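Which chain is which? The protein sequence lines are A and B, in order.
The working numbering puts the first residue of the first sequence at 1, with every later residue one more than the last.
The working numbering puts the first residue of the second sequence at 1001, with every later residue one more than the last.
If you are wondering where the hints come from, they were derived from the structure by calculation, not from laboratory data.
Fair warning: this is a prediction, and the values are worked out from it, not measured in the lab.
By construction, the Cβ of each residue, glycine as well, lies at the ideal position given by its N, Cα and C atoms.
Hints may be right or wrong, so weigh each one.
What the hints assert, rightly or not - Straight-line C-alpha distance at most 25 Å; calculated BS3-like pairs for lysine-lysine: (1) B/LYS1264 with A/LYS232; (2) A/LYS53 with A/LYS36; (3) B/LYS1068 with A/LYS271; (4) A/LYS209 with A/LYS15; (5) A/LYS232 with B/LYS1263; (6) A/LYS271 with B/LYS1263; (7) A/LYS232 with A/LYS282; (8) B/LYS1263 with A/LYS235; (9) A/LYS201 with B/LYS1306.
As the list claims (entries may be wrong) - If you anchor each label on the Cβ, the simulated ranges turn out as follows: (10) A/SER208 with B/THR1259: 29 to 37 Å; (11) B/ASN1048 with A/VAL74: 44 to 52 Å; (12) B/GLY1030 with A/GLU140: 17 to 25 Å; (13) B/GLY1030 with A/HIS35: 12 to 20 Å; (14) A/GLY109 with B/ASN1048: 30 to 38 Å; (15) B/LYS1334 with A/LEU34: 47 to 55 Å; (16) B/ALA1043 with A/GLU200: 27 to 35 Å.
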Amino acid sequence: MENSELDRIQNQLEKRGYVTDASIVMSVFLSTTLHKPLLLEGPAGVGKTEVAKVMAAAMDTDLIRLQCYEGLDVNTALYEWNYQHQLLHIKLGEQSGKSVAQKETEIFGEAFLLKRPLLAAITHCRPPVLLIDELDRADEEFESFLLEILSDWQVSIPEIGTISATHIPSVVVTSNRTRELSDAVRRRCLYLWIEYPSLEKELAIVRSKVPGIDERLGTQICQFMRRLRELKLGKSPGVAETLDWAMALVALHRTALDLETIEETLGLVCKNRDDIAAIRLKFLPELVDAVTAEAG
Amino acid sequence: MDVFTTEHTELSANLVSFCRLLRRHGLAVGVGEQAETLRALEAAGVTNPARFRLVLRTMLAKSVREQKILDGLFDSYWRNAHAAGNDDTAESTLPPIAETPTGPLEVPQNRPIASLTDWVDEAEESGEEGMAAYSAAEVLSRKDFSSFSADEMYQVAGLVNTIAQALATRISRRYRQNTRRGRLDFRGTFRRNLRRGGEIVELIHRNRKLLKLNLVLLIDVSQSMDYYNRFLVQFIFAFQNAYRRIESFVFSTSLHRVTDILKKDNFNDVLEALSDRVPDWSGGTRIGSSLQAFLDRYGDDRLNQKTIVLILSDGWDTGEIERLEDAMRTIQHKAASIIWLNPLSGSAGYEPTCRGMEAALPYVDIFASAHNLESLRALARHLARVQIRRR
């Protein structure tokens, strides 16, 4: 029972520059096969959002993204009436002699409906990938509302009636764990924890995203990052920082890490004043020695 | 005999039994999850133990903690399954779900499952202490933290978690009680004026607005607080897990930010990381200079009129009292409110006479005790009482 679908997903992800592993492939496969949302958790900057993007690319469909933030409400997530247009429409039709009831049916038609991400996703012309990004930032109330949508796949709008999903989207939910998501959300989703990549995996990511990088420099950068993460800083650098740094160093025509280069570009790696100070004062010389010794 | 059916039944039986085991360890695995997992196994195709485990983990574990539990149980479960049945097929750790069976299965049909069930039942019995803990809760609530035995400490940890969660829910539901008019509600306004043919006559405002509080916790971990620290840290750990707008700091002779440390899954990891980060744990106290250090480094970012500062300390300051007074004055000025919890103030006849406490008290909005669980519960009421000053 070799599963060709798993291989296909793996190929698709890799073709789009996403360096993957068995658990990510399995999660994406089961999520699309069983139509269950996929909940991704992990430290910031390990490529959670990227999973949704490559998923959409691999499935050759669109990505609809809902960025969560505190105070996110139904009007921003689901739908809103285009009030300005409605008002104009009424003004323009003042002389038409239509009854109030007629006007009302007109202005509460689909033409005046602004579809926000959730409604857009369920009424899309083909099943899209719906990315609900950083759900932990939204309020608990929004979480319950989201659960309702994710189980019924329909939305009721008082003025129009119930709109059912034309297609069920593949849903990816991400969380940075600034708070715990409710058990109800967890139960509904498949869970995937994405950890910082291993040295080999990170190096592969660097090679694929920064083509032409010097082999030794690439290795040194990844080793340096791995050690930085072990230091338990206030905010550990993610893969995004690794890539930024690698690109910057390539642009600066560096072929190896040295103390001076790191000092100059540390701001690309660490974005927290306390952390930078701690690295400069305590760890830097030691880190440079270790990394240069390891990578030769 | 139909080989496939046998295989399938075996697989389901094993899955059911394994799910039961997971439930015993606190994973919420219902019949629905079981059925779905079976579908997932069919869809993915089970060719080797690694993939089998991966499917189970993807389907059944809902957090990193659960993933670890599942991984641990998976190993011991299939080792048990193996020991119970297949004495002569030692090459595979996979139970009878191998993909190309050669003829009828050799495994005795009932034995492996039966003995596994025994094993699961055994594992089950360890969960029975829950009832006893419940009846003891009342007594524990009133007992001073410093007089707990090691056994009681364990039970108290659970209660502390519950209280912290209730507290977090309570403050996250605060509404602004504000008679001032809120934002213009476009939707409401439009609906209301529709009957006038779209002429805007009446404006509707949105009044009720959620107000989220920020909390800054400053916790004294000096020698004189030793008895209370384990509980307070446990409390803060649980609190911070449930309510995200908390910044936590500990101090004795110097100040350390510990917000990130408390974000770990496991409380023992937290304790370990804390003792790594805080070298002067259980040392002397310099409250004044610690608070000053807090203001210098974090005061501008962390303090505003939506922030409540919660200080947990007995007020024994061995440093200069003037510094403490200065720091308290600045904090009072910048923050919405200061709550001071003092574990000693629970003892009968306690008067805040030590110099540090005396100096700080004029700037404190709410002064309360924190010596037992009852007083932690009361904290919810204190937080609800805090009025946000508006300028």
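Hint-by-hint comparison with the structure:
1. Taking the CA atoms of B/LYS1264 and A/LYS232, the gap is near 12 Å; set against the 25 Å cutoff, the hint holds.
2. Between A/LYS53 and A/LYS36 the CA atoms are separated by roughly 17 Å; this keeps the pair inside 25 Å, and the hint holds.
3. For the hint linking B/LYS1068 to A/LYS271, the alpha-carbon distance of about 32 Å lies beyond 25 Å, and the restraint is violated.
4. Our distance criterion of 25 Å between C-alpha atoms is met by A/LYS209 and A/LYS15, whose separation comes to about 12 Å.
5. Proximity of A/LYS232 to B/LYS1263 is assessed by CA-CA distance (about 12 Å); at most 25 Å being required, the pair is judged to hold.
6. Using a Cα cut-off of 25 Å, the hinted pair A/LYS271 and B/LYS1263 holds, with the two alpha carbons roughly 20 Å apart.
7. Proposed proximity of A/LYS232 and A/LYS282 is supported: the alpha carbons are some 13 Å apart, at most 25 Å.
8. For the proposed pair B/LYS1263 and A/LYS235, the alpha carbon gap of about 12 Å is at most 25 Å, so the pair holds.
9. With a C-alpha separation of about 43 Å, the suggested pairing of A/LYS201 with B/LYS1306 is violated against the 25 Å cut-off.
10. For the hinted restraint 29 to 37 Å between A/SER208 and B/THR1259, the CB-CB distance of approximately 35 Å keeps it satisfied.
11. For B/ASN1048 and A/VAL74, the Cβ-Cβ distance of about 46 Å falls inside the hinted range of 44 to 52 Å, so the restraint holds.
12. With their beta carbons about 23 Å apart, B/GLY1030 and A/GLU140 fall inside the hinted range of 17 to 25 Å.
13. Range check, B/GLY1030 to A/HIS35: Cβ separation about 18 Å, and the 12 to 20 Å hint holds.
14. About 56 Å separates the C-beta atoms of A/GLY109 and B/ASN1048, a value inconsistent with the hinted range of 30 to 38 Å.
15. Against the hinted window of 47 to 55 Å, the Cβ-Cβ separation of B/LYS1334 and A/LEU34 comes to about 52 Å, which satisfies the hint.
16. At about 30 Å, the beta-carbon gap between B/ALA1043 and A/GLU200 stays in the expected band of 27 to 35 Å.
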